[in-house]
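Heads up: the sequence lines are chains X and D, in that order.
Just so you know, my numbering puts 108 at position 87 of the first sequence, and the rest follows in order with no gaps.
Just so you know, my numbering puts 365 at position 344 of the second sequence, and the rest follows in order with no gaps.
Everything labelled a hint here was simulated from the structure, so no lab data went into it.
Mixed in with the good hints there might be a few duds.
[What the hints assert, rightly or not] Residues of chain X placed beyond 10 Å of chain D at every Cβ, according to the derived structure:
id, residue
1, Phe83
2, Arg166
3, Glu250
4, Thr253
5, Glu294
6, Gly351
[Said to hold, decoys possible] If you anchor each label on the Cβ, the simulated ranges turn out as follows:
id, chain 1, residue 1, chain 2, residue 2, range
7, D, Ala108, X, Ser345, 40 to 50 Å
8, D, Arg91, X, Leu397, 41 to 51 Å
9, D, Ala95, X, Asp300, 19 to 29 Å
10, X, Ser345, D, Ala139, 52 to 62 Å
11, X, Arg91, D, Glu169, 44 to 54 Å
For each residue, glycine too, the CB sits at the ideal point set by N, CA and C.
2 protein chains.
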Amino acid sequence: MGPLPDLRRMRVPLGPVAVFGSSNFPFAFSVPGGDTSSALAAGCPVVIKAHPAHPATSERCFDAMLRGARVVAAPEGLLGLVFGFEAGVALVDDPAISAVGFTGSVAAGRSLWSRANAREVPIPFFGELGSANPLVVTAGAAAERSAEIGAGIGSSMTLGGGQFCTKPGLLFVPDGEHGDAVVAALVASLRELSPMTMLAAGIASHFRDGAHAVTAVSGTSLLVGADLEEGTSVTPQLLEVAAPIFAGAAARALREECFGPLAVVVRYGTGDELAQALDVADPALTFSFFSAAEDPDASWLAELGQRKAGRVIANGYPTGVGVSWSMQHGGPWPATTSPSSTSVGAAGIERWLRPVTYQNMPAELLPEALRDENPLGIPQRVDGSRH
Amino acid sequence: MGPLPDLRRMRVPLGPVAVFGSSNFPFAFSVPGGDTSSALAAGCPVVIKAHPAHPATSERCFDAMLRGARVVAAPEGLLGLVFGFEAGVALVDDPAISAVGFTGSVAAGRSLWSRANAREVPIPFFGELGSANPLVVTAGAAAERSAEIGAGIGSSMTLGGGQFCTKPGLLFVPDGEHGDAVVAALVASLRELSPMTMLAAGIASHFRDGAHAVTAVSGTSLLVGADLEEGTSVTPQLLEVAAPIFAGAAARALREECFGPLAVVVRYGTGDELAQALDVADPALTFSFFSAAEDPDASWLAELGQRKAGRVIANGYPTGVGVSWSMQHGGPWPATTSPSSTSVGAAGIERWLRPVTYQNMPAELLPEALRDENPLGIPQRVDGSRH
Numbered sequence: 022m023g024p025l026p027d028l029r030r031m032r033v034p035l036g037p038v039a040v041f042g043s044s045n046f047p048f049a050f051s052v053p054g055g056d057t058s059s060a061l062a063a064g065c066p067v068v069i070k071a072h073p074a075h076p077a078t079s080e081r082c083f084d085a086m087l088r089g090a091r092v093v094a095a096p097e098g099l100l101g102l103v104f105g106f107e108a109g110v111a112l113v114d115d116p117a118i119s120a121v122g123f124t125g126s127v128a129a130g131r132s133l134w135s136r137a138n139a140r141e142v143p144i145p146f147f148g149e150l151g152s153a154n155p156l157v158v159t160a161g162a163a164a165e166r167s168a169e170i171g172a173g174i175g176s177s178m179t180l181g182g183g184q185f186c187t188k189p190g191l192l193f194v195p196d197g198e199h200g201d202a203v204v205a206a207l208v209a210s211l212r213e214l215s216p217m218t219m220l221a222a223g224i225a226s227h228f229r230d231g232a233h234a235v236t237a238v239s240g241t242s243l244l245v246g247a248d249l250e251e252g253t254s255v256t257p258q259l260l261e262v263a264a265p266i267f268a269g270a271a272a273r274a275l276r277e278e279c280f281g282p283l284a285v286v287v288r289y290g291t292g293d294e295l296a297q298a299l300d301v302a303d304p305a306l307t308f309s310f311f312s313a314a315e316d317p318d319a320s321w322l323a324e325l326g327q328r329k330a331g332r333v334i335a336n337g338y339p340t341g342v343g344v345s346w347s348m349q350h351g352g353p354w355p356a357t358t359s360p361s362s363t364s365v366g367a368a369g370i371e372r373w374l375r376p377v378t379y380q381n382m383p384a385e386l387l388p389e390a391l392r393d394e395n396p397l398g399i400p401q402r403v404d405g406s407r408h
Numbered sequence: 022m023g024p025l026p027d028l029r030r031m032r033v034p035l036g037p038v039a040v041f042g043s044s045n046f047p048f049a050f051s052v053p054g055g056d057t058s059s060a061l062a063a064g065c066p067v068v069i070k071a072h073p074a075h076p077a078t079s080e081r082c083f084d085a086m087l088r089g090a091r092v093v094a095a096p097e098g099l100l101g102l103v104f105g106f107e108a109g110v111a112l113v114d115d116p117a118i119s120a121v122g123f124t125g126s127v128a129a130g131r132s133l134w135s136r137a138n139a140r141e142v143p144i145p146f147f148g149e150l151g152s153a154n155p156l157v158v159t160a161g162a163a164a165e166r167s168a169e170i171g172a173g174i175g176s177s178m179t180l181g182g183g184q185f186c187t188k189p190g191l192l193f194v195p196d197g198e199h200g201d202a203v204v205a206a207l208v209a210s211l212r213e214l215s216p217m218t219m220l221a222a223g224i225a226s227h228f229r230d231g232a233h234a235v236t237a238v239s240g241t242s243l244l245v246g247a248d249l250e251e252g253t254s255v256t257p258q259l260l261e262v263a264a265p266i267f268a269g270a271a272a273r274a275l276r277e278e279c280f281g282p283l284a285v286v287v288r289y290g291t292g293d294e295l296a297q298a299l300d301v302a303d304p305a306l307t308f309s310f311f312s313a314a315e316d317p318d319a320s321w322l323a324e325l326g327q328r329k330a331g332r333v334i335a336n337g338y339p340t341g342v343g344v345s346w347s348m349q350h351g352g353p354w355p356a357t358t359s360p361s362s363t364s365v366g367a368a369g370i371e372r373w374l375r376p377v378t379y380q381n382m383p384a385e386l387l388p389e390a391l392r393d394e395n396p397l398g399i400p401q402r403v404d405g406s407r408h
């Protein structure tokens with residue numbers, strides 16, 4: 022046996038990335054934003070498919086990015102922008118594209134995901150799709166803070182006109198007077214709100230279609246929002262349904278995201294009813310619960326949340342998403358197509374990289390990050406120990 | 022705006038994992054081995070589909086693992102073992118399975134990968150499939166060390182009867198006398214070898230079928246191995262083809278892995294011929310090159326290798342695979358179904374984990390790894406700084 026080989030491993034860029042801009046964050050998650058910046062940080066050129074809801078904003082943002090690229094003398098072809106459905110499909114099919122980042126609807130996301138898998142060379146597809154984001158109020162929390170929680174939910178579900186991927190859409194509230202008080206506070210807070218302007222007419226009309234579909238489910242009652250307004254303007258909608266009905270197959274439509282200011286209150290009697298209703302709820306980006314001090318329900322809800330979602334929130338609302346080291350914005354299927362990834366936060370860069378090991382490579386052929394003298398001063402692990 | 026939330030992120034187990042044992046490593050990559058141990062280390066129960074080439078070994082290994090599990094009072098149901106094609110398919114379809122680890126042929130791996138994607142809830146499928154593992158001898162290296170390199174290739178391609186996923190199967194050797202000397206040394210080393218016993222009769226018969234298919238390609242000449250033996254016994258095979266023929270569409274069969282002691286020598290005249298032939302070679306687990314000191318070809322070959330493979334080897338043979346922090350055993354499609362993963366080495370555990378963020382979670386509900394007092398003493402990053 023000869024000497025052990027010299028092995029050095031690092032991650033390298035996957036190659037050109039296609040980014041599908043979202044409708045709801047024209048600045049933070051569209052032409053510029055998390056997908057684009059993380060892919061560029063990984064060393065990947067980016068071609069963006071502009072969202073049809075804001076073509077002019079997309080073009081102006083892209084121009085600003087191009088100017089910035091010129092200032093730093095970035096390579097030609099680092100950034101691209103395409104418009105239209107067919108251009109988006111062609112992008113996913115293009116042999117030069119190595120991975121896709123997508124934020125949007127379940128239907129569009131799954132269709133493009135299938136297409137990425139059907140290529141001669143399939144490519145990773147990181148889709149952040151719809152999510153109903155369950156939120157549970159325990160009996161203990163309802164008894165303690167009904168008014169505060171009800172009003173807080175009203176603010177969270179209507180933040181930005183409900184156009185957040187993390188909008189709490191399924192609200193599990195106990196039966197009885199304390200639960201009634203939570204719902205009353207929520208209803209009151211929603212009734213105070215003016216009609217809301219959606220980011221695009223298409224979003225508003227999708228919202229109205231979705232609201233009609235869920236109110237048509239047998240066994241639901243409408244608590245707020247008979248009037249759905251017109252044009253880009255919509256009014257908040259709140260429905261109520263009993264947990265056993267929600268858990269039944271006929272109520273399947275209630276479990277899906279309705280993008281905009283709509284939520285479904287699911288009223289439960291016992292812990293078993295709550296558990297059964299949560300069991301049929303799809304995995305989500307977030308799972309929130311409100312509990313009291315020493316609440317007997319807190320522990321199993323925290324554990325359930327960890328299985329059901331990418332972010333578990335105690336006594337708080339899911340709508341705020343921070344760009345930080347510790348943010349996870351992604352959850353089990355169908356919330357995302359790739360449960361091990363995040364589209365927000367420092368770890369977003371990991372989507373666009375793959376590892377390569379260099380064996381017995383002469384120093385002059387090694388990437389700088391792997392050289393003994395470590396000119397980039399990056400953290401390394403040497404013979405298993407962190408440096 | 023309120024205070025910033027407390028966010029803590031860690032990775033949690035995906036859930037029960039299905040492992041498809043390989044044919045060629047009954048101990049290191051079958052019932053026990055890298056996939057099983059990394060999934061258990063991640064906290065995932067494992068159900069193994071035994072490879073039909075060694076059912077008795079599989080059963081005895083599984084019994085030993087079960088005894089070990091009992092000694093440490095592991096939970097019931099931590100380990101499972103199934104036999105047969107249909108049981109394997111049922112495993113991939115089972116809603117209780119969260120991810121699949123597979124080592125085997127391109128055909129079987131792609132079929133199961135498609136099946137994992139076609140589930141109602143698709144699951145990650147980590148397939149380590151076939152790989153032809155290109156190896157290049159530069160003109161400089163051939164001039165310097167023809168005998169040593171030729172003999173070394175002969176040992177590497179026949180190690181374990183050529184039943185390594187990393188066997189060098191495509192050998193790019195320059196035209197001319199120095200290249201002739203490499204090939205002569207390789208031929209001589211193969212002619213010294215006795216017939217080899219394959220691990221199973223099925224592997225031997227697949228090998229003979231594959232060898233017939235490649236020798237039938239027009240423009241190839243057989244340098245070693247007219248006799249293919251019988252039963253589980255085979256003889257090493259070496260073919261030669263000119264680079265322009267190899268690069269043509271008619272020679273497609275030469276680019277595929279032939280599992281066993283067979284390699285194709287691709288003779289090139291110019292650097293352009295070499296580059297064109299390498300261009301049509303599929304991405305692979307490994308890419309090796311032999312170069313001289315200050316070799317003008319070393320730099321572009323190292324760069325090409327990084328794009329084409331998960332491990333790039335300078336002046337060495339790819340067959341040795343170590344279990345270490347810095348090993349990468351995986352490469353771009355079609356070598357693996359997931360280019361960002363490895364099935365060997367410390368990073369193999371990452372396949373079975375997904376991140377979860379805990380927001381404002383009371384200390385008693387946090388996983389131990391995320392508590393302020395860090396009782397497990399694990400490395401953490403706090404406010405962006407490593408601790």
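- Query: Would you say Glu250 (chain X) is clear of chain D, with no C-beta pair closer than or equal to 10 Å?
  - Reply: About 29 Å separates Glu250 (chain X) from the closest Cβ of chain D, which puts it past 10 Å; holds.
- Item | Verdict on Phe83 (chain X) as a residue remote from chain D, using beta-carbon distances over 10 Å | holds, 28 Å
- Interface exclusion of Arg166 (chain X) relative to chain D, criterion Cβ beyond 10 Å: Label holds. Min Cβ-Cβ 15 Å, cutoff 10 Å.
- Item | Cβ separation check - Thr253 (chain X) to all of chain D, threshold 10 Å | Check passes; 27 Å lies beyond 10 Å.
- 52 to 62 Å as the expected CB spacing between Ala139 (chain D) and Ser345 (chain X), which holds or is violated: For Ala139 (chain D) against Ser345 (chain X), whose Cβ atoms are near 36 Å apart, the range 52 to 62 Å is violated.
- Supplied distance hint 19 to 29 Å, evaluated on CB atoms of Ala95 (chain D) and Asp300 (chain X): Since Ala95 (chain D) and Asp300 (chain X) have Cβ atoms about 27 Å apart, the given range 19 to 29 Å holds.
- Beyond 10 Å from every Cβ of chain D: is that where the Cβ of Glu294 (chain X) lies? Holds: least Cβ distance 23 Å, greater than 10 Å.
- Starting from the range 40 to 50 Å, see whether the pair Ala108 (chain D) and Ser345 (chain X) falls in it by beta-carbon distance. holds, 45 Å
- Query: Does the Cβ-Cβ separation between Arg91 (chain X) and Glu169 (chain D) fall within 44 to 54 Å?
  - Reply: Taking Cβ atoms as reference, Arg91 (chain X) and Glu169 (chain D) lie about 51 Å apart, which means the hint holds.
- Message: Would the non-interface assignment of Gly351 (chain X) survive a Cβ cutoff of 10 Å against chain D?
- Response: violated, 8 Å
- Task: Confirm or reject the claim that Arg91 (chain D) and Leu397 (chain X) have a C-beta distance inside 41 to 51 Å.
- Result: holds, 49 Å
Of the numbered hints listed earlier, those contradicted by the structure are 6, 10.
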